[in-house]
Amino acid sequence: MHQAPVNYRDAVADLPEIGSRFADLYRSFWSLASVPASTLELCRLRQAQLLGSDAAWQHEEVELPPGQRDSLRQWPGSELFSAAEKACLEVAEVHAMDARAITDQQAEAVKTHYGEVGYVALVQALGVFDAMTRLGLIWNLSSMEVD
Amino acid sequence: MATAARVTAPESDTGNLIRDSALGLVPETLQHFLDLTVAVWDAGPLGPAEIELARLRSANYVGCVMCKAVRYDVAVADGLSEEKVGLINDDYRNSELPARDKLILQFVDLYLHNPGPPDAAFQQSLDEHFSKAEQTHLALLLAYFNGFSRCAVALGGMPDSMPRMEISVPR
Chain X
1 MHQAPVNYRD AVADLPEIGS RFADLYRSFW SLASVPASTL ELCRLRQAQL LGSDAAWQHE
61 EVELPPGQRD SLRQWPGSEL FSAAEKACLE VAEVHAMDAR AITDQQAEAV KTHYGEVGYV
121 ALVQALGVFD AMTRLGLIWN LSSMEVD
Chain R
1 MATAARVTAP ESDTGNLIRD SALGLVPETL QHFLDLTVAV WDAGPLGPAE IELARLRSAN
61 YVGCVMCKAV RYDVAVADGL SEEKVGLIND DYRNSELPAR DKLILQFVDL YLHNPGPPDA
121 AFQQSLDEHF SKAEQTHLAL LLAYFNGFSR CAVALGGMPD SMPRMEISVP R
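If you're matching them up, the sequences are chains X and R in order. Position 82 (the first sequence) corresponds to 82 in the working numbering; numbering is contiguous. Position 26 (the second sequence) corresponds to 26 in the working numbering; numbering is contiguous.
Misleading hints may appear alongside valid ones.
Unchecked claim - Quick look at which bits of chain X chain R covers, simulated, 3 or more residues with Cβ under 8 Å:
1. 15-28
2. 66-75
Said to hold, decoys possible - Chain X is faced by these chain R residues, among others (derived, beta-carbon under 10 Å):
3. P45
4. G47
5. P48
6. Q106
7. D109
8. A133
9. S149
Unchecked claim - Selected chain R positions facing chain X (in silico; Cβ < 7 Å):
10. R19
11. T29
12. L30
13. G44
14. N60
15. A77
16. G79
17. T136
These are calculated hints, taken from the structure and not from any lab test. None of the values given here were measured: they were computed from a predicted structure. Just so you know, even glycine gets a beta-carbon here, dropped at the ideal spot from N, CA and C.
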C-alpha cells in the first residue's frame with residue numbers, strides 16, 4: 001500500500017509533466033475575461049458539496065462575498081446570488097449528475113449573461129473542477145492546493 | 001441529447017480538432033488544453049491502447065457519441081482491436097480481457113461512480129499489476145478525458161450516432 005499523498009503536488013510527483021499540465025489548465029480558469037472567478041468558485045464549491053468532498057469544500061480558491069458560502073445549498077431561493085450566478089449554478093448541478101441533461105434553456109440562460117464564450121468557459125471549468133475534486137477523493141488528499 | 005450546437009465554433013481551419021472546435025473560443029485555456037492533450041498521450045507510462053481503453057469506458061458512461069465513435073490511431077497501432085472495444089461493457093469482469101485491462105476498467109468505474117481510495121483488496125491488485133506512476137497516469141488521463149467528454153456533451157450539436165473514425169492526437 002502506498003502512503004497517501006497530502007496534496008496534489010505530492011500525488012503527481014512521479015508524473016510531473018502531466019500533473020503540471022493539468023494544474024496549469026486548472027489555474028487558467030481563475031483569470032478569465034468571460035466569467036468572473038467568484039462565479040466559478042461558487043460552481044466548484046457546489047460540486048464539492050454534491051460529490052461529498054470535504055477537502056474541496058474547505059479549499060478557498062477565491063474569496064466570496066459574505067454569506068454566499070454558508071447559503072450555497074439554498075442558492076435557488078437566496079437573494080445573495082445574482083441571476084447570472086444562479087444560471088451557472090443550475091448548469092453546474094445538472095452537469096454533476098448528467099451533462100447530457102443540460103437543457104438548451106439552461107445553456108441559453110448562461111449565454112444571456114456571459115455570451116457563448118462564457119458558456120464554453122463554464123462547461124470547460126465544470127469538467128476540470130469535477131475532475132480535480134474526483135482526484136482529491138481518489139487520492140484522499142487532505143489539501144486541494146495545487147501549488 | 002441536444003442535436004443543435006449551443007455555440008458557434010471559431011472559423012479557424014488549422015487542422016487541430018481542439019483549436020478549431022468550440023474549445024478554441026476561450027483564449028485563456030486553449031493552449032493548456034492542447035499541452036495537456038499531448039502530455040496525456042506522450043508523457044506517461046501507460047501505452048496508447050490502455051489509455052484508449054480507459055477513455056472509451058468513460059465516454060460510454062458520459063454518453064458522448066463523438067467520443068465513443070473516435071479511435072485514436074496510436075491506440076489502434078498499439079493493438080487496440082474492435083473485438084477488445086466490444087468487451088468494454090458492464091460484463092467486462094466475466095470477459096476474456098486480461099487482468100490488467102479489467103483493473104483499468106474497474107478503476108474507471110471507481111472514478112466515475114464512487115470516487116474514493118480503492119479498498120485494500122483492489123489497491124493490492126493495482127499494486128501487483130501497475131507501478132505507482134502508471135496508477136497516477138490512469139487517474140490523470142481519466143480526469144482529462146472524462147472532463148472533456150462532459151464538456152463536449154454540454155456544448156450540444158451531438159448527433160444520435162456517428163460512424164467509427166480514426167483520428168490522430170491533435171498536436
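Against the structure, the hints:
| no. | hint | verdict |
| --- | --- | --- |
| 1 | 15-28 | holds (count 9) |
| 2 | 66-75 | violated (count 0) |
| 3 | P45 | 8 Å, holds |
| 4 | G47 | 15 Å, violated |
| 5 | P48 | 14 Å, violated |
| 6 | Q106 | 13 Å, violated |
| 7 | D109 | 12 Å, violated |
| 8 | A133 | 5 Å, holds |
| 9 | S149 | 8 Å, holds |
| 10 | R19 | 13 Å, violated |
| 11 | T29 | 5 Å, holds |
| 12 | L30 | 9 Å, violated |
| 13 | G44 | 6 Å, holds |
| 14 | N60 | 13 Å, violated |
| 15 | A77 | 21 Å, violated |
| 16 | G79 | 22 Å, violated |
| 17 | T136 | 5 Å, holds |
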